[in-house]
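Q: In case you want the letters, here they are:
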Amino acid sequence: MRILLIDDSKTMRNIQRSILTQMGHTEIEEACDGLDALSKVGGFKPDLLLVDWNMPNMDGLSFVKEYRGQGNKSPIIMVTTEAEKSRVIEAIKAGVNNYVVKPFTPDVLSQRIEETLARTAAA
Amino acid sequence: MSQEIRAIVSGDGMRAELIVPPSPTRSPTIKEECLSACRAAGIEGSADFAARLKDILESLDLASETRELVAQGQPAQHGEDARLEWFIKPDRGFSNDLANDNEEQSTNAGDTSHYDRSTIDVAQSGQVIGHLHPVKEGADGRDVFGNTLAAKSGKPVHLEHDETIERASDGRLIAQIEGILKAEGHKATICEYLEVPENVDFSTGNIEFDGEVRIRGDVKDLFTVEASGSVFVNGLAEAATFVCGKDLILRGGMAARERGSISVKRDARVKYLDAVKGDVGGNLHFTSEVINSRLVVHGSVGPTRGSIIGTTLTVVGAVRVGQVGSTGPSNTRIVLGTVPKLEPLFDEFVSLVEQLEQHLESVNQELAALKTPGKRKTHGNAERETELTFEIESTESRLAAALQERDRFAARIEELRTVDLNVERHLHAGAIIELNGRAYKISESIRGPLRIALGAGDEPMLFRTHDDPGQPLNQFTSVQLAA
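So the protein lines, in turn, are chains A and B.
Numbers in my numbering are just positions in the first sequence, counted from 1, shifted up by 861.
Numbers in my numbering are just positions in the second sequence, counted from 1, shifted up by 276.
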């Protein structure tokens, strides 16, 4: 399974990568903002995307809209500090499949990833 | 003088010349006359002969005598003997030839170490070590009379070899194991052990061998013998260096003059060791003495009636010797109850645990500060909180692993740690027994048999006999903290 991590914080990407590696995932690509991610999705063709909201150049929400606009169906988990209900609804409307609020623990992130993948497989 | 056409054949029958005398007119039967002269000389009428005769007749100048080669024989091509060619130097017992080769190299060698000039070639498994060139067949020749000149056949070479050498269909000889090529006459094999029939010196150079090494003579000053297997030395070892992957057997002992060393993975069995530095992975057994040496033995020492004098011996297992120290002043020290292989690793884990605990404490403090009630939850704080949570989890997991390893090493050290010194004859005054971080210096010589071991509460005790309840060691010694 190919997983794309989109976050402007290298540390955060490392944490996510480490959790994914412990879960047994090895095909992992990273992008530092929405624009960088858009340039990579064509070649990498991710099966799952973990997206931060607040990033320079292109934020996570704009990326999700653009990505879905291109007809891509892979599940997206928004991993963000934006915890307000209205923001969560906005993200889900834009095409996000699941939501993890920072600060999170490794257990919470891995649980959300498993949930999302199970739901996608069942659909 | 005859003016007839003639043919003359050389003594070996390989050349024939046609001689046509000068004549005012060309005879209409000149060809027949020439043929007749050649037949009379016995020359075979081959195609080559006919072509040559035709050329002679066409270019014939009757004004002067013509003398031309009209027939030539074909010498026999003799066959070639089969030939055995070795690409690595076979071991034939370090003959004078080898010694001379070495001398020659030394002369041309500039500043390269003469000790490194090994004369021993080691065959690697799969290496092409030689070639058996087959007999080359010859071809018969013919003389001008048409007689066959028989070619001599080449002689074959019969090579006898075992399964350590494979002979390919093209004659290549391929080593099937790693070792020394032994080739004598028509027999060849590869030996898994290296035998040095004389001394290890400038005629052999340093020995480095993947296998067992047997040295019939001495090992001279400053030479190195390194083997992945055991090393046997029948003669005396001088100030040499031994590195053995298995056992070291020095039947003649070792006089190292503080410049020789031994590093042995398994057991060392020696006659004596004098001024040797070394590390023995297994047990040390000596028959006469260990003097003025510094040794670490990871197994046990003895049993032997021999003596340990002027030596610092660090030993993991039991010691059973005849005598420790001497009547004269000697710096003899036996370090007991230590496990030198494991203790540095244990110390590393102790230090790692400390570092991880400190780090964990500082990360926990930072996280607690972020979570202080009333503290504003910025995006940055939320991200940092995630990072710290992850850091705590990962540090805790590393700490748990480090603690487990530390405790495993501690248990293993405790299991291996032995305090068991048995002296059959004399434990001399001045000898130091080091254990539990203390140095016990023997005040007055004690006659054996005696045993030093730990009593109740880990107190070092001296026992005279098997049934002796023992007396505290410090009653016989002055005690200081070990250096």
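Among the hints, erroneous ones may be present.
Straight-line distance between alpha carbons at most 25 Å, and here's what the computed DSS-like set of lysine-lysine pairs gives [stated by the list, open to error]:
id: 1; chain 1: B; residue 1: Lys431; chain 2: A; residue 2: Lys871
id: 2; chain 1: B; residue 1: Lys458; chain 2: B; residue 2: Lys365
id: 3; chain 1: A; residue 1: Lys871; chain 2: B; residue 2: Lys647
id: 4; chain 1: B; residue 1: Lys463; chain 2: B; residue 2: Lys431
id: 5; chain 1: A; residue 1: Lys946; chain 2: B; residue 2: Lys365
id: 6; chain 1: B; residue 1: Lys553; chain 2: B; residue 2: Lys522
id: 7; chain 1: B; residue 1: Lys647; chain 2: A; residue 2: Lys946
Since the hints were made in silico from the structure, they are not lab data.
Q: Hint compliance check: list the failing hint numbers for this structure, sorted ascending.
A: Hints 1, 5 not satisfied by this model.
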